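Protein sequences, first through last, are from chains A and B.
So our numbering is basically just the index in the first sequence, starting at one, shifted up by 1039.
So our numbering is basically just the index in the second sequence, starting at one, shifted up by 95.
Bear in mind the hints are in silico, worked out from the structure with no lab data behind them.
Here the structure is a predicted model, which means the values were calculated and not measured.
There could be a bad hint or two in this list.
Said to hold, decoys possible - Computed from the model, here is a short list of chain B residues facing chain A with C-beta under 8 Å:
#1 I131
#2 L133
#3 A134
Stated by the list, open to error - Lysine-lysine pairs mimicking DSBU-like chemistry, simulated, CA-CA at most 30 Å apart:
#4 B:K182 x A:K1154
#5 A:K1067 x A:K1145
#6 A:K1136 x A:K1067
#7 B:K183 x A:K1136
#8 A:K1105 x B:K154
#9 A:K1150 x B:K182
#10 B:K183 x A:K1154
#11 B:K124 x A:K1145
#12 A:K1150 x A:K1067
#13 A:K1136 x B:K124
#14 A:K1136 x A:K1154
#15 A:K1150 x B:K183
#16 A:K1136 x B:K182
#17 B:K124 x A:K1067
We treat Cβ as the ideally placed atom computed from N, Cα and C, and that holds for glycine.
Each chain is listed here by its residues.
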Amino acid sequence: MNTLFTLGAILVIIGGICDLFGAIGLLKFPNFYIRLHAATIGTIGGAAVPLFGVALLALSTNIPNKYAIAGASLITGIITLLAAPAGATALAYAAHKTNAVEWNPKTDHLKEARK
Amino acid sequence: MSFGVVMLMRIILPLYVTAFILYTVRAIKGPTIPDIILAVDCMSFDIAAFMAILAVYFKSVYLISGAITLALWAYLLDIYIANHLTKKEVGA
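Modelling step: build the complete structure from the supplied sequences, incorporating the hints.
Set out below in structure tokens:
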């Protein structure tokens, strides 16, 4: 019982630190395509990992409806793990397709391949 | 065991509140539309995670249903904006 609480607390603290680093990167990075890396840290490390931690944390305590909280946290974590990369990929595809973001690459292999 | 949850909340709360403020700054001043959507997306997923932590802290089961809805809504916003940018129409 105590082991579950310690494991969940460690996962939640890792999630908070990853969330802070992702927010700093999203604010400081210069370009949209570079900010996608920081956004991945903020969603997968900052939302999916603490949701799995909350599932363990709710199982270790004796609050009412603890199994409902643990199961719903696990389902939300799996949804985040599947949905966040797909959404970021769709957004990057749309931004590259419509030239909505200005960027100055040194080499562009995609453009050379499409010639 | 409740003492442990209170101590955990005391560590977690400044990290998450600082991250929310930084995401809000990027969402307000983001130069293009994909930047704004990316910041709102990160904010939604993190509010979902923080709402699950609050459900354990306040011993309430009703906060969890909001977390699932927020996680689904952020994905829907991404897909709709991408479709609108490429095809100039909103639809699935």
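Inset, instruction - With a cut-off of 30 Å on the C-alpha distance, tell me whether K1136 of chain A and K1154 of chain A pass. - result: Roughly 16 Å between the alpha carbons, so the hint for K1136 of chain A and K1154 of chain A holds.
Inset, instruction - Verify the proposed pairing of K1150 of chain A with K182 of chain B, using a straight-line Cα cut of 30 Å. - result: Holds, at roughly 21 Å.
Legend entry - 30 Å Cα cutoff - pair K1067 of chain A, K1145 of chain A: Judged against 30 Å, a Cα distance of about 21 Å means the pair holds.
Legend entry - Interface restraint verdict for I131 of chain B against chain A (beta-carbon cut-off 8 Å): This hint is violated: I131 of chain B lies away from chain A, its Cβ roughly 10 Å from the closest one there, beyond 8 Å.
Inset, instruction - Compare the distance between the alpha carbons of K1150 of chain A and K1067 of chain A with 30 Å, and conclude whether the hinted pair is satisfied. - result: Roughly 28 Å separates the two Cα atoms, so the pair holds.
Legend entry - 30 Å limit on alpha-carbon distance, applied to hinted pair K124 of chain B and K1145 of chain A: holds, 27 Å
Inset, instruction - With a cut-off of 30 Å on the C-alpha distance, tell me whether K183 of chain B and K1136 of chain A pass. - result: Roughly 12 Å separates the two Cα atoms, so the pair holds.
Inset, instruction - Measure nothing beyond the straight line between the CA atoms of K1136 of chain A and K1067 of chain A; if it is 30 Å or shorter, mark the hint as holding. - result: holds, 25 Å
Legend entry - Restraint satisfaction for A134 of chain B [CB to CB of chain A, less than 8 Å]: holds, 7 Å
Legend entry - Pairwise hint evaluation, K1154 of chain A against K182 of chain B, where the allowed Cα distance is 30 Å at most: holds, 23 Å
Legend entry - Given pair status - K183 of chain B, K1150 of chain A, alpha carbons within 30 Å: Holds, because 24 Å separates the two Cα atoms, which is no more than 30 Å.
Legend entry - Holds or violated: K1136 of chain A to K182 of chain B, with C-alpha atoms at most 30 Å apart: Holds. K1136 of chain A to K182 of chain B sits at ~10 Å (cutoff 30 Å).
Going through the hint list in order, the structure does not satisfy hint 1, though it satisfies all others.
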